[in-house]
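Asks: Sequence:
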Amino acid sequence: PAAAPHGGESLHALRERTGGWLEGLTDGGGRVLAVADPAVVRAAVLHALALPADAFWRLDAAPLTLTELSGRAGRWNLRIGRPLEP
Numbered sequence: 001p002a003a004a005p006h007g008g009e010s011l012h013a014l015r016e017r018t019g020g021w022l023e024g025l026t027d028g029g030g031r032v033l034a035v036a037d038p039a040v041v042r043a044a045v046l047h048a049l050a051l052p053a054d055a056f057w058r059l060d061a062a063p064l065t066l067t068e069l070s071g072r073a074g075r076w077n078l079r080i081g082r083p084l085e086p
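Take the sequence shown: its position 22, counting from 1, is numbered 22 in my numbering, and each next residue is one higher.
FYI, nobody ran anything at the bench for these hints, they're computed from the structure.
Using N, Cα and C, we set each Cβ at its ideal position, and we do this for glycine too.
Be a bit skeptical, because a hint or two may be false.
Unchecked claim - Label-pair distances were calculated between CB atoms; the ranges are:
no., residue 1, residue 2, range
1, G20, P52, 17 to 27 angstroms
2, R31, G7, 31 to 41 angstroms
3, L33, R75, 29 to 39 angstroms
4, W76, H12, 34 to 44 angstroms
5, G7, P86, 34 to 44 angstroms
Let's have the full structure, built from the sequences with the hints guiding it.
Replies: What follows is the structure, encoded as structure tokens:
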């Protein structure tokens, strides 16, 4: 989790960056849509559920599905695997 590929980002850095973004969302009652790489989705889930870094490799963000985080910073709810509707 601490190692980074040449010119890349470590899992810890990805999780910190993604978690910072989630925690920075304001509670304005609106919705936010993020179209993201599966690694970013997995990092967001790790942060939201306070999972250990090694759980990253046990999560699967399937292509063309919706992962929904609702709630607010520090108290997230997760809904995973919803198919995208046409």
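Asks: Does the beta carbon distance between R31 and G7 stay inside 31 to 41 angstroms, or does it fall outside?
Replies: 34 angstroms, holds
Asks: G20 and P52, beta-carbon distance inside 17 to 27 angstroms?
Replies: Check passed, 18 angstroms falls within 17 to 27 angstroms.
Asks: At the C-beta level, are L33 and R75 separated by a distance inside 29 to 39 angstroms?
Replies: 20 angstroms, violated
Asks: If I claimed the Cβ atoms of W76 and H12 lie 34 to 44 angstroms apart, would that claim hold in this structure?
Replies: 20 angstroms, violated
Asks: Return holds or violated for the Cβ distance of G7 and P86 against the range 34 to 44 angstroms.
Replies: Roughly 38 angstroms apart at Cβ, these two residues keep to the hinted range, so it holds.
Hint compliance for this structure: hints 3 and 4 are broken, all remaining hints hold.
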